[in-house]
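Using the sequences and the hints given, assemble the complete structure.
Protein chains: 4
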Amino acid sequence: MLYFLNDYSEGAHPLVMEKLCETNLTPVPGYGDDPYCASAKEKIRSALGLPKADVAFLVGGTQANLVVISVLLQRWEAVIAVESGHIAVHEAGAIEFTGHKVIAMPSHDGKLDAGELDAYMKRFEADETHDHMCFPAMVYISYPTELGTLYSKAELTAIAETCRTHGLKLYIDGARLGYGLMSDACDLTFREVADLCDVFYIGGTKVGALCGEAVVFPKGDMPLRFFTMMKQQGAVLAKGRLAGIQFDVLFTDGLYFTISRHAIQMAQELRRTFTENGFPLYVDSPTNQQFFILTPAQKEALAKEAAFEVWDPIDEDHIACRFVASWATQPETIRALEKVLKTL
Amino acid sequence: MLYFLNDYSEGAHPLVMEKLCETNLTPVPGYGDDPYCASAKEKIRSALGLPKADVAFLVGGTQANLVVISVLLQRWEAVIAVESGHIAVHEAGAIEFTGHKVIAMPSHDGKLDAGELDAYMKRFEADETHDHMCFPAMVYISYPTELGTLYSKAELTAIAETCRTHGLKLYIDGARLGYGLMSDACDLTFREVADLCDVFYIGGTKVGALCGEAVVFPKGDMPLRFFTMMKQQGAVLAKGRLAGIQFDVLFTDGLYFTISRHAIQMAQELRRTFTENGFPLYVDSPTNQQFFILTPAQKEALAKEAAFEVWDPIDEDHIACRFVASWATQPETIRALEKVLKTL
Amino acid sequence: MLYFLNDYSEGAHPLVMEKLCETNLTPVPGYGDDPYCASAKEKIRSALGLPKADVAFLVGGTQANLVVISVLLQRWEAVIAVESGHIAVHEAGAIEFTGHKVIAMPSHDGKLDAGELDAYMKRFEADETHDHMCFPAMVYISYPTELGTLYSKAELTAIAETCRTHGLKLYIDGARLGYGLMSDACDLTFREVADLCDVFYIGGTKVGALCGEAVVFPKGDMPLRFFTMMKQQGAVLAKGRLAGIQFDVLFTDGLYFTISRHAIQMAQELRRTFTENGFPLYVDSPTNQQFFILTPAQKEALAKEAAFEVWDPIDEDHIACRFVASWATQPETIRALEKVLKTL
Amino acid sequence: MLYFLNDYSEGAHPLVMEKLCETNLTPVPGYGDDPYCASAKEKIRSALGLPKADVAFLVGGTQANLVVISVLLQRWEAVIAVESGHIAVHEAGAIEFTGHKVIAMPSHDGKLDAGELDAYMKRFEADETHDHMCFPAMVYISYPTELGTLYSKAELTAIAETCRTHGLKLYIDGARLGYGLMSDACDLTFREVADLCDVFYIGGTKVGALCGEAVVFPKGDMPLRFFTMMKQQGAVLAKGRLAGIQFDVLFTDGLYFTISRHAIQMAQELRRTFTENGFPLYVDSPTNQQFFILTPAQKEALAKEAAFEVWDPIDEDHIACRFVASWATQPETIRALEKVLKTL
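Protein chains in written order, with my numbering: chain A, 1229 to 1572; chain B, 1229 to 1572; chain C, 1229 to 1572; chain D, 1229 to 1572.
No wet-lab data here; the hints were simulated from the structure. Any given hint could be a false lead.
It does not matter which identical chain is used: a pair holds within one copy or between any two.
Straight-line alpha carbon distances no greater than 20 angstroms define the calculated EDC-like cross-link-like pairs of lysine to aspartate or glutamate that follow [claimed, not checked]: (1) K1350 to D1512; (2) K1350 to D1543; (3) K1381 to D1423; (4) K1532 to E1356; (5) K1527 to E1356.
Right under this line is the structure:
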């Protein structure tokens, strides 16, 4: 089976596995209070050039989202996301389960529009009944988005400024952050992403780790009792070393970015392969997720040889399918896929 | 540093690491829908002799507790635990955060007394105002307990029967289950533990895994939408394989039990070492956690050479300290500890 | 000041006050276990012709909504409402605070469209990732809606059937139920409303009571422990008599409907007054809430003489304002308003 | 039936009813933004001599408790109460339902001991694992307690000081506050109660109102968005006037205290009647709740003539029963009870 199902199909990058094995029997304190976590945090701060940033390691993306959002919101506050946002759709109501409303705004190829955000907030502020409403207090965006698209520096800056104007915190879900930053379409640096938001996370699960996401508070203002609140939500690893060692390796010699770049090259190869063989794009994604339109017959036939996801059953004759490249994708796999495509 | 701090200081058992490396680049579907998880579940069912048991993998102990308890309780229901129980003290109010009261009952060396439970329930049932109260609906116990003690078969049976009489579900936290079952003091089989309760979990984190706990519904009655509720609480691993591979190894050729037995032998060695050198027991624990009473001066001196936990500062002259053996404890470390003890 | 601000500006209908005074010193048991509540429930059942219906009295509309919805939904379930629905906007996130998502659907003059609901549910059911999503399990509608509009019998039947097809419970918020049923545009009976839904409430606060809403389970399937869950949410009156006496009066000799009809006549008078004086309708509402479009200058001038609510600041030259009639509205007040209108 | 069942058996004090009727048809804005509420708040501030105090009206005691506690606690924080405290037992887990642990401490005739509180907090603060625990942040006490007992000024001052030492907020549940302040045993003034705590509520439901409790923040530090959070929990009356008018009357010419004093006199009469007729006290209560010990036969016989509550079925031969006096209790009723007692 040619695997393009997602970016969490394999284990971890071999260098990560190597270090996990190498350190395996060295005993350290639990709950993240160990030298591996300390080193990993230091390397992340250093890669950002933000020596005072706070970093915390969580296990997965939904967990990172629900902990960060529920910690940062006061109980009368809501978070704004596009209607296709991960927290709005695919987290089984995790945010609501912590007591907070997700306010859905229109999605433009997965992206929030700063102008619409501004208009929404002005309407809310002018509404004389707003004491009876949830107060929007945070904007959640993904970089890259669910559809693999990217905010330009201008777009992200506009959103950040709109947030500042209206007293909204800006939180960036970076489950695939590396795949965004290493895209040819990216005009933002790692540091700029950090500077534009209040909190973000660096996705490990989809970018080379077995599990783990690094939540970063760039301004060093991680809320008091963050650890206790993580514990309260079952988000603390007894063997905190597991996250620490992995991020330590990923942020040694820029591995996180190198392997992300590889995925982008593989994605470009995927795109070339599909488009050269006559398959239209569903979305114009410059990152590791690629979306193509197949006919039901093509989809059927291809599914026998390759693993991919049906994204959107557009109409009777067209199905949007997602093909994902990752740090683990090999050129040979794409070449094999091309052979199959030619037969469809 | 001689390490007896806890049973989650090292990584995973070498055979676990080996298999993680070996399978590392084989792509599989996410979220636990992979052959490793399927195989691990099958091996657990087989070890229990319960082909219809349902198994789900979670990441850590607090997470397993908060998911299982919040899923099984109706919103007007409460869980009963001893006042020293993990959910009652050391989970940062995780159960209450999901909306449920933890009713604390007296602890007898960490254990709940079936007679006291019965009396409590009779009082509740007879109370004419009980529609204004939380309804006790589940009993939570740990096997072994927080203090390393074990319920005998008679004691556990009495609790199970009391639960049945009063319509209470029985949930066993098996964070250290292997260390209980392999104790010389244990008169219960793995299967008997399963038969006596409604749900339990097999601890991986403390018994050879990097992370992971296997929640087992012995009767095959895992609630509908359990996966969705796990997701809702951030308790699903995208790379479900991580848990699956580990439990698959731990339940191959009885590894889980073999390494647990090793820890028990090391614990007995620890106990012999301390008692022969004149240190009194704080609790008589037949499992991998051992508790000894030191003077402040002894504690101070020992802390320079060994890592252990201060458990209870009894009075000015006595400190109860915990020394933990695990699958990773080596006889040499205990011999080195003995040398230090003789100098105190 | 000519009062058209809302339908909760005055106290209770004089007959309600009279009975409250008359019974004031008669002692009865607390928490609703009194003869007044029993009698009121019986009269409601009788008015419905549903002798097995369950009835519970709550204090206010938001409270009724949050209790009913949180009680009826399983924790992985969500409720569907139109985006202008009370629970979606003006309850300060009360539903989310109980852990549940409100899924917002398009509003057509305040109404949900059965076809759109059906399409939404089909998409959800066909979505292969729906285990990662909240499960829609209930539809919430208001009768009349926030905009004073009414579902026809055909429309409500279509929604009810769509609910049945997709396993959704149907809950009707009847905060202004009387004002709906007594409208000339209403082609539904009280009983038919009850038959078409799974649960609804009869609004007292806006229709003649000081406070109080009667939640009705027409099929007699009020969930187990409903009282305990009400208590858990602070929704039980120690002096349950307060609700019981009021509903007993309101359902004696059809008072609830008589006074609702009066409000409708006053609303028609309001409508005639505005339209005859050249003010356009904002919405065509057949119930007690009327919406007219004023210029900013007109609004400014009118606000000196009359109390009403700015509903929607349409554009620089037009403001939609709400004028509400109730059981307490007097013809003289409308005549006085007309005089003012003529001067604008 | 001679009624001593509780202090919420009748409606409201006649002067309250009179004013409700008198003002009944005067329209005012909703949600408590009316002159009656304003006046009532002013009178409460004036009675306290605290012109900057913040006051909010809620509907009932459980509601006041769950709103105040959930608003004031951070999500990682817990509230301390005695094990017999209302929030610990008889509110159906309302506090836990909002996500917070109630830490139960020993009850001494319903009272918390300042020394035990201090010791508990010192242990907590010294515990090296307390980042894994709920942080105690508030002390909840009732004045009078569930058993009708009262804290002396010295006792309450000691608790307040212990709270200050350990950074705990002090919250006083004054469901029966008037009955405490008017007791002969009370050595505290209304103002002193306010000065010693951070927030308290003045019970209306049990002291002359149909419903309603006045939450007071003596220092004027009611949290931001308190109204929105009340709304979020269904605790806002659309007709806020209902609470405002009642408290306005109760705090006019000291009515709240006059009627409370009457209840105390009736309670003393009850006590004299029972003790003179040979019935032992169960608790020595100086307030409006009186507890006597009856034999099962006496209880049985008395229950035919009088309404009272079985409090504690002590043993086969003794039953503690509660008899409650209130603002509504008449001397004749006690004289009639005495006649029955003499026949037992």
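Now for the hints, and whether the structure bears them out:
Taking the shortest alpha-carbon separations for K1350 and D1512, neither the intra-copy value of 32 angstroms nor the inter-copy value of 28 angstroms comes in at or below 20 angstroms. Proximity of K1350 and D1543 under a CA criterion of 20 angstroms is satisfied inter-copy only: 14 angstroms between copies versus 38 angstroms inside one chain copy. Proximity of K1381 to D1423 under the C-alpha cut-off of 20 angstroms is restricted to the intra-copy arrangement: shortest distance 12 angstroms within a copy versus 55 angstroms between copies. Proximity of K1532 to E1356 under the C-alpha cut-off of 20 angstroms is restricted to the inter-copy arrangement: shortest distance 18 angstroms between copies versus 58 angstroms within a copy.
Taking identical chains as interchangeable, the C-alpha atoms of K1527 and E1356 lie at most 20 angstroms apart only when they sit on different chains, with a minimum of 15 angstroms there against 53 angstroms within one chain.
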